[in-house]
Amino acid sequence: MSGVDEPTYGFLRNNALSLTFGGLFLITLGGQALSGVAQVNAEQEANGLGRVGLLDYATSSSFLVDVMENWQSEYLQFFLYVFATVWLVQKGSSESKEPGKEGTESDRDQQLGRHASAGSPGPVHAGGWLTAVFSRSLGLVMGALFLLTWAASAVTGWAAFNSERLGQRQDPVTLVGYLGEADFWNRSFQNWQSEMLAVGSLTIFAVYLRQRGSPESKPVGVAHADTGQTG
Amino acid sequence: MKGVRAVYLVYLAVILLGIGYAFVLAAMGR
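So the sequences go chain by chain: L and Y. Note that the numbering used here has the first sequence beginning at 530, numbered continuously upward. Note that the numbering used here has the second sequence beginning at 687, numbered continuously upward.
Please note that the accuracy of each hint is not assured.
As the list claims (entries may be wrong) - Incomplete in silico selection of chain L near chain Y, CB under 7 angstroms:
| # | residue |
| --- | --- |
| 1 | THR549 |
| 2 | HIS654 |
| 3 | LEU676 |
| 4 | THR678 |
| 5 | ALA681 |
| 6 | THR685 |
| 7 | ALA688 |
What the hints assert, rightly or not - A few chain Y residues facing chain L, derived, Cβ under 7 angstroms:
| # | residue |
| --- | --- |
| 8 | VAL693 |
| 9 | ALA699 |
| 10 | ILE705 |
| 11 | ALA708 |
| 12 | PHE709 |
| 13 | LEU711 |
| 14 | ALA712 |
| 15 | GLY715 |
| 16 | ARG716 |
Rather than coming from a laboratory, the hints here were simulated on the basis of the structure. All values reported here derive from a predicted model rather than from experimental measurement. Note that beta-carbon positions come from the ideal geometry of N, C-alpha and C, so glycine has one too.
The whole structure should be built from the sequences, with the hints applied where relevant.
Shown next, in the form of structure tokens:
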């Protein structure tokens with residue numbers, strides 16, 4: 530990325546994709562908070578109870594469990610996809626490697642050991658466990674974020690579940706008790722199923738459909754049978 | 687690559703802060 534003949538672009542252009550999605554994340558999170566508090570207030574009104582303020586709602590477990598249950602499923606999706614695409618292929622899909630290239634590939638393919646270059650990241654030159662961890666860092670971070678966000682959805686779901694039970698004059702449940710509740714598993718599965726379908730359909734649709742100019746697609750003129758070409 | 691690294695670190699920080707915030711709210715029983 531530091532080649533002397535590369536044109537230099539400004540910060541905004543260099544990071545346009547990440548910044549755009551970061552901005553869209555904040556806007557849609559705001560939308561979730563606004564529509565969420567409106568929904569809560571409609572229920573409060575129907576039950577003859579007082580209104581809840583936006584700040585109170587944004588600092589409640591009921592809001593955070595809805596955020597975390599969606600985050601966890603996204604990180605589960607990426608964690609599974611990053612690891613599955615090492616070992617499994619889909620013939621003809623730009624999302625996949627060529628059949629026959631399953632596995633972690635050679636040091637030469639991966640520019641490791643004596644195939645490393647001066648520009649290779651630090652951990653590549655370090656060797657040993659540091660290189661081994663760095664070689665799996667994308668999947669490991671996605672997996673760790675899945676576990677953390679899933680745990681966060683469990684504890685916020687537990688707090689929200691208990692505050693609802695208290696409102697109905699029922700005894701609160703323990704955290705372990707909540708992990709056996711249908712509420713927790715329904716929140717998890719309803720998000721997981723959509724992620725699995727989305728990943729599966731992107732993988733197979735990328736065989737037969739094209740998006741000119743997108744690295745998520747093969748070049749428009751490439752044959753359906755060609756795998757792993759992006760354009 | 688300094689700007690790119692900054693965006694990467696901001697993403698990581700936002701995600702970890704969100705997770706931390708969720709744990710704090712749950713611990714407070716809110």
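Here's how the hints hold up against the structure:
Evaluation of the THR549 of chain L hint against chain Y yields a violated restraint, the C-beta minimum of about 11 angstroms exceeding 7 angstroms. Below 7 angstroms, beta-carbon pairs count as interface contacts, and HIS654 of chain L has none with chain Y, the closest being about 17 angstroms; its hint is therefore violated. Nearest Cβ of chain Y to the Cβ of LEU676 of chain L: about 10 angstroms, over the 7 angstroms cut. The hint is violated. For THR678 of chain L, the suggested interface contact is upheld, since its CB lies about 6 angstroms from the closest CB of chain Y, less than 7 angstroms.
Residue-level restraint check for ALA681 of chain L holds (minimum Cβ-Cβ distance to chain Y is 4 angstroms; threshold 7 angstroms). For THR685 of chain L, the interface hint holds, the least distance from its beta-carbon to any beta-carbon of chain Y being 5 angstroms, beneath 7 angstroms. The criterion of a C-beta within 7 angstroms of any C-beta in chain Y is met by ALA688 of chain L, whose closest approach is roughly 4 angstroms, and the hint holds. Interface restraint check for VAL693 of chain Y: the shortest CB-CB distance to chain L comes to about 5 angstroms, inside 7 angstroms, so the restraint holds.
A distance limit of 7 angstroms between C-beta atoms decides the matter here; for ALA699 of chain Y the minimum to chain L is near 12 angstroms, and the interface restraint is violated. Against a cut-off of 7 angstroms between C-beta atoms, the interface hint on ILE705 of chain Y holds, since the closest Cβ of chain L lies about 5 angstroms away. A least Cβ separation of about 4 angstroms between ALA708 of chain Y and chain L falls short of the 7 angstroms threshold, and the interface hint therefore holds. Here the hint on PHE709 of chain Y is kept, as its CB sits about 6 angstroms from the closest CB of chain L, short of 7 angstroms.
The restraint placing LEU711 of chain Y at the interface with chain L holds, with a minimum CB-CB distance near 5 angstroms, inside the 7 angstroms limit. Proximity of ALA712 of chain Y to chain L holds as hinted, the smallest CB-CB distance being about 4 angstroms (cut-off 7 angstroms). Using the Cβ-Cβ criterion of 7 angstroms, the hint placing GLY715 of chain Y at the interface with chain L is satisfied: the shortest such distance is roughly 6 angstroms. The interface hint given for ARG716 of chain Y is met, as the beta carbon of that residue sits about 5 angstroms from the closest beta carbon of chain L, less than 7 angstroms.
This entry does not satisfy hints 1, 2, 3, 9, going by the numbered hints stated previously.
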